[in-house]
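Novice: Protein chains in written order, with numbering that gives the first Met the number 0: chain A, 0 to 164; chain B, 0 to 418.
None of these hints come from the bench; they were simulated from the model.
There may be inaccurate statements among the hints.
Each computed SDA-like pair below joins lysine to any residue, with the alpha-carbon atoms no more than 20 Å apart [unchecked claim]:
no., chain 1, residue 1, chain 2, residue 2
1, B, 48, A, 25
2, B, 390, A, 150
3, B, 179, B, 164
4, A, 139, B, 22
5, A, 75, B, 150
6, B, 48, A, 156
7, A, 10, A, 36
8, B, 150, A, 13
9, A, 110, A, 150
10, B, 80, A, 29
11, B, 150, A, 116
12, B, 74, A, 28
13, B, 390, A, 13
14, B, 74, A, 36
15, B, 390, A, 110
16, A, 75, B, 80
17, B, 150, A, 1
18, B, 48, A, 150
19, B, 150, A, 29
20, B, 48, B, 16
21, B, 150, A, 158
22, B, 390, A, 33
23, A, 10, B, 384
24, B, 74, A, 110
25, B, 74, A, 25
26, B, 150, A, 28
Here is what each chain is made of, one letter per residue.
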Amino acid sequence: MERIIKGKALKYGDNINTDIISPPQYMELSIADAAVHAMRAVDPDFHVKAKDHSIFVAGANLGSGSSRETAPLTLKYLGTEVVIARFFARIFYRNCINLGIPAIECPEADKISEGDALVIDLELGAIENISKNECYRCGKIPAHIFELIEAGGLIGYLHNSVGGR
Amino acid sequence: MGKTMSEKILARAAGKDAASAGDILWVDVDRAMMDDILGPRVEIAEGLKAFGDAVWDADKVVIISDHYTPPASVKQAEIVKFTRDWAAAHNIRNYFEFVGPCHQIMAERGFVSPGSVVLGTDSHTCMGGALGAFATGVGSTEMLGVLVTGKTWLRVPETIRVEWSGELPAGVMAKDLSLKTIGMIGHAGATYKAVEYVGTAISKLPVDERMAIANMAVEMGAKAGLMECDAKTEAFLNGKLAETHRAETSDADAVYCESFDFDAGTLAPMIACPHEVDNVFDVRDVRGTDIDQAYLGSCTGGRLHDLRIAANLVKGRRKADGIRFLVSPASQEIWEAAEKEGVLGVLAEAGAVILAPTCGVCVGLHSGLLGAGERCISSSNRNFIGRMGSKDAEIYLGSPLSVAAAALAGRIADSREYL
């Protein structure tokens, strides 16, 4: 896992829940087939835009609702490398970490706009907004969670600790 | 210093003498539950192959096909078949299908015991807190980790204490109490925390009703929603549990991060308006809103108590013309009991269509989706945009009584006027 992540942002509001990210009616499809429907209630073009916008930014309570891992799996499939929010719903947060997607709490997430070029330093806990020439402090990822992200997610961590084959 | 239920349960599960909010613990999981939609098919079946393709303890695993039952498409049927075959291939004896939403089955069949740690691949797993368990939802990859090791890491949560004193008036149900709590705390107000429900209004409720409250703890962002085990819990569990339970209670001097006090005696029927569960209003503020569908069912509002009380309200009356009145008992067992008592007959005579016990309607997978511009009142737990079908449909959440009253009126109505 790179400790510095660069990319362009997509920006959404508060309470982007898992029914929005991964609409239940398409969950019987594969992640690839369901991905075109991701976020359709708020941004039907998300699946196109996500390809060259690798940073998913939202306001408060990102990922509320269902435990469905299809939400972060879909984001990952579409090219999302990191998610940023003022704060996360807990199961979504854990799902991101378990899949090796850094989830960063940033009180100033609302200052970020769609298309902004960002440089995120995971270790320092800082976001540089190149487009706006601003810098935001964000929550540092706790050590026990960083270990999981470094291993590429829970499965990588388990391979290291329990030993898979 | 005193400890909360959560601190005690998680300390025991981690093999420690004591734990405090904020501690990160690796805990032993007492019961791991998977459903069809987010169970073996998502990451788990493939991932487990790299770890010997065996679960740590087959008797602690429960698999319940409930979302895609009965299947509405070949794809859904194949997912249920995959889940069934996977359970058999991994010697999971506790496999159930077509018998109703997983949380009800877990409670009914004795898989949730007081003081235990229960994880499930569905966010409403927190319903187990009504029986005094530390029960919470997890994602599929986390479940894979549990299947390999029998453990997961949890941060011991701070606890919000919610006291409901007094007694609910006639026509007001636990669902109203639950919605009021969520409206006050907010849909993210308990994020990363546990909620403990206490007070005379809670202890007077039957276990069926308590489950409707704990079920919705996650709608405040909570990790768990707990109630202490009492004589009613024991009576409910009698003969169901395979093991002796390890019920925990909070100490009198336990530390809470926040406390709320509510008076049940003054509570009115509450309605959560689109598209957030904390968008809660007194029914008198939204009465008269036309509906196209009334849904009585789900793991939140389809238990025997719910069906009985709704049947009492509609008895001898008829649903409004032009609307659908759908009823899904929360389990096969509830279906049979309601049938024996004549409850299903009364509902059917009022114009209700009795559906299979299933998650399908609540989460818009089959059996009653909404089209653009349609409006539904539902006794289920979530009213997010697009959940029951079109993103241009609207979902209002209310008690089983509010659903029954709306079915009769064809619009949102104050159920107390029909008692």
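Novice: Give a verdict on every hint.
Specialist: Okay, the hints, checked on the actual structure:
Of the supplied pair hints, the one linking residue 48(B) and residue 25(A) is violated, its CA atoms being roughly 26 Å apart against a limit of 20 Å. Only pairs whose Cα atoms come within 20 Å are accepted, and residue 390(B) paired with residue 150(A) is rejected, the gap being roughly 38 Å. Simply put, residue 179(B) and residue 164(B) have alpha-carbon atoms about 14 Å apart, close enough for the 20 Å limit, and the pair holds. Among the hinted pairs, residue 139(A) with residue 22(B) is consistent with the structure: their alpha-carbon atoms are about 17 Å apart, no more than 20 Å.
In summary, the hint linking residue 75(A) to residue 150(B) is not supported, as the alpha carbons are separated by about 26 Å, beyond the 20 Å threshold. At most 20 Å may separate the alpha-carbon atoms for a hinted pair to count; residue 48(B) and residue 156(A) meet this at roughly 16 Å. As the CA atoms of residue 10(A) and residue 36(A) are separated by approximately 18 Å, the hinted pair is consistent with the 20 Å bound. Restraint check: the Cα-Cα separation between residue 150(B) and residue 13(A) comes to about 33 Å, which exceeds 20 Å; the hinted pair is violated.
Among the hinted pairs, residue 110(A) with residue 150(A) is inconsistent with the structure: their alpha-carbon atoms are about 31 Å apart, more than 20 Å. Restraint check for residue 80(B) and residue 29(A): satisfied, since their Cα atoms lie roughly 16 Å apart, inside the 20 Å limit. Note on residue 150(B) and residue 116(A): the hinted pairing is violated, with a Cα-Cα distance of about 40 Å set against a maximum of 20 Å. Pair hint residue 74(B) plus residue 28(A) holds up; C-alpha atoms about 8 Å apart against a cutoff of 20 Å.
Taking the CA atoms of residue 390(B) and residue 13(A), the gap is about 17 Å. The hint holds against a cut of 20 Å. The hinted pair formed by residue 74(B) and residue 36(A) meets the criterion: a straight-line CA distance of about 17 Å does not exceed 20 Å. For a cut-off of 20 Å, the pair hint linking residue 390(B) to residue 110(A) is broken: about 28 Å separates their Cα positions. Of the pairs offered as hints, the one joining residue 75(A) and residue 80(B) is violated, with about 28 Å between alpha carbons and a cut-off of 20 Å exceeded.
In summary, the hint linking residue 150(B) to residue 1(A) is not supported, as the alpha carbons are separated by about 28 Å, beyond the 20 Å threshold. Taking the CA atoms of residue 48(B) and residue 150(A), the gap is near 19 Å; set against the 20 Å cutoff, the hint holds. This hinted pair does not check out: residue 150(B) and residue 29(A) have alpha carbons roughly 29 Å apart, beyond 20 Å. Between the alpha carbons of residue 48(B) and residue 16(B) the distance comes to roughly 36 Å, so the proposed pair goes past 20 Å and is violated.
Taking the CA atoms of residue 150(B) and residue 158(A), the gap is about 15 Å. The hint holds against a cut of 20 Å. Annotation: proposed proximity of residue 390(B) to residue 33(A) holds, straight-line Cα distance about 16 Å (limit 20 Å). Between residue 10(A) and residue 384(B) the CA atoms are separated by roughly 19 Å; this keeps the pair inside 20 Å, and the hint holds. Of the pairs offered as hints, the one joining residue 74(B) and residue 110(A) is violated, with about 43 Å between alpha carbons and a cut-off of 20 Å exceeded.
Pair hint residue 74(B) plus residue 25(A) holds up; C-alpha atoms about 11 Å apart against a cutoff of 20 Å. Between residue 150(B) and residue 28(A) the alpha-carbon distance is near 30 Å, which puts this suggested pair outside the 20 Å criterion.
Comparing the model with each earlier hint shows violations of hints 1, 2, 5, 8, 9, 11, 15, 16, 17, 19, 20, 24, 26; every other hint is respected.
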